[in-house]
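Let the hints inform the model, and build the full structure from the sequences given.
So the protein sequences, as listed, match chains A and E.
To get my numbering, take the position in the first sequence, counting from 1, and add 1.
To get my numbering, take the position in the second sequence, counting from 1, and add 95.
Everything labelled a hint here was simulated from the structure, so no lab data went into it.
Be aware that one or more of the hints could be misleading.
Claimed, not checked - In silico DSS-like cross-links for lysine-lysine, where the CA-CA straight-line distance does not exceed 30 Å:
id : chain 1 : residue 1 : chain 2 : residue 2
1  : E       : K108      : A       : K72
2  : A       : K43       : A       : K107
3  : A       : K59       : A       : K69
4  : E       : K152      : A       : K107
5  : A       : K114      : A       : K16
6  : A       : K6        : A       : K58
7  : A       : K69       : A       : K58
8  : A       : K69       : A       : K114
9  : A       : K43       : A       : K6
10 : A       : K59       : A       : K16
11 : A       : K43       : A       : K16
12 : A       : K110      : E       : K152
13 : E       : K152      : A       : K43
14 : A       : K6        : A       : K107
15 : A       : K59       : A       : K110
16 : A       : K110      : A       : K58
17 : A       : K59       : A       : K72
18 : A       : K72       : A       : K107
19 : A       : K110      : A       : K43
20 : A       : K69       : E       : K152
21 : A       : K6        : A       : K16
22 : A       : K58       : E       : K108
23 : E       : K108      : A       : K43
24 : E       : K152      : A       : K72
None of these values were measured; they are calculated from a predicted model.
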Amino acid sequence: QQQVKQSPQSLIVQKGGISIINCAYENTAFDYFPWYQQFPGKGPALLIAIRPDVSEKKEGRFTISFNKSAKQFSLHIMDSQPGDSATYFCAASYDGGSQGNLIFGKGTKLSVKP
Amino acid sequence: KAGVTQTPRYLIKTRGQQVTLSCSPISGHRSVSWYQQTPGQGLQFLFEYFSETQRNKGNFPGRFSGRQFSNSRSEMNVSTLELGDSALYLCASSLGRSGTGELFFGEGSRLTVL
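Quick look at the structure:
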């Protein structure tokens with residue numbers, strides 16, 4: 002019940018294409034769903050986050066789609082660029098994310114080819 | 096504003112030894128969380144400290160411990176090191192208040208156990 006399942010494990014996309022990463026969770030008590038981006042040698046950095054009272058959130062080229070009934074959420078990266086090549090982690094937590102106990106998915110390594 | 100600082104960045108230990116890792120959070124942040132990152136298990140939550148008290152704990156053995164000081168700086172300790180403890184240990188800080196879910200990660204301390 003504590004798991005967050007993420008797919009695919011790796012993804013190769015052409016420059017300008019759309020990258021889509023999916024996550025699923027079991028625990029309906031989760032109420033905060035962030036996505037983190039990690040470059041080699043760096044710590045993860047928050048990309049975008051959503052709470053279950055909305056079905057979609059967009060920030061620039063990055064969009065989270067949230068399906069509460071299916072307990073799934075996904076990250077869409079529009080017009081993917083080589084600079085987007087990184088590992089992406091979805092996560093979930095309680096209490097609106099006020100506490101530092103995130104449950105992370107296993108990560109998706111994205112490669113954007115020029 | 097300075098980011099999250101972790102020391103040391105790299106260290107090598109042998110089985111049976113103990114190690115202490117240090118984390119200085121962003122100024123004003125009262126919550127410090129620790130995560131273990133490995134290729135196989137991904138990012139796993141160790142524990143979170145808020146105002147010098149452990150607020151959350153992950154599913155790790157008692158060999159893993161931590162503490163937080165009055166200036167919000169935190170240390171984690173791993174005793175009786177095992178080969179499987181080789182990992183990147185990440186510290187993250189946050190305000191720790193409701194509605195402020197973003198975790199700011201340091202670049203990590205990479206521990207190798209021989």
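Against the structure, the hints come out as follows:
1. Between E:K108 and A:K72 the CA atoms are separated by roughly 42 Å; this puts the pair beyond 30 Å, and the hint is violated.
2. For a cut-off of 30 Å, the pair hint linking A:K43 to A:K107 stands: about 17 Å separates their Cα positions.
3. For the hint linking A:K59 to A:K69, the alpha-carbon distance of about 17 Å falls within 30 Å, and the restraint holds.
4. Distance check on the hinted pair: E:K152 and A:K107 sit about 20 Å apart at the alpha-carbon level, within 30 Å; holds.
5. For the suggested pair A:K114 and A:K16, the alpha carbons sit about 6 Å apart, so the restraint of at most 30 Å is met.
6. At roughly 21 Å between alpha-carbon atoms, A:K6 and A:K58 fall within 30 Å of each other, so this suggested pair holds.
7. For the given pair, A:K69 sits about 14 Å from A:K58 by alpha-carbon distance, which is consistent with the 30 Å threshold.
8. The hinted pair formed by A:K69 and A:K114 fails the criterion: a straight-line CA distance of about 33 Å is larger than 30 Å.
9. At roughly 23 Å between alpha-carbon atoms, A:K43 and A:K6 fall within 30 Å of each other, so this suggested pair holds.
10. Of the supplied pair hints, the one linking A:K59 and A:K16 holds, its CA atoms being roughly 20 Å apart against a limit of 30 Å.
11. For the proposed pair A:K43 and A:K16, the alpha carbon gap of about 23 Å is at most 30 Å, so the pair holds.
12. As the CA atoms of A:K110 and E:K152 are separated by approximately 28 Å, the hinted pair is consistent with the 30 Å bound.
13. Proximity of E:K152 to A:K43 is assessed by CA-CA distance (about 24 Å); at most 30 Å being required, the pair is judged to hold.
14. Among the hinted pairs, A:K6 with A:K107 is consistent with the structure: their alpha-carbon atoms are about 7 Å apart, no more than 30 Å.
15. Taken as a hint, the A:K59 and A:K110 pair is honoured in the structure, with Cα atoms around 21 Å apart against an allowance of 30 Å.
16. Among the hinted pairs, A:K110 with A:K58 is consistent with the structure: their alpha-carbon atoms are about 22 Å apart, no more than 30 Å.
17. At most 30 Å may separate the alpha-carbon atoms for a hinted pair to count; A:K59 and A:K72 meet this at roughly 19 Å.
18. Annotation: proposed proximity of A:K72 to A:K107 holds, straight-line Cα distance about 17 Å (limit 30 Å).
19. Distance hint between A:K110 and A:K43 is fulfilled; the C-alpha atoms sit about 14 Å from each other, no more than 30 Å.
20. Between A:K69 and E:K152, the direct Cα distance comes to roughly 27 Å. Compliance with the 30 Å bound is thereby established for this hinted pair.
21. For the hint pairing A:K6 with A:K16, the CA-to-CA distance comes to about 27 Å; that is within 30 Å, so the pair holds.
22. A C-alpha spacing of about 45 Å is found between A:K58 and E:K108, which places the hinted pair above 30 Å, so the restraint is violated.
23. Between E:K108 and A:K43 the CA atoms are separated by roughly 22 Å; this keeps the pair inside 30 Å, and the hint holds.
24. With a C-alpha separation of about 25 Å, the suggested pair E:K152 and A:K72 falls inside the 30 Å cut-off, and the hint holds.
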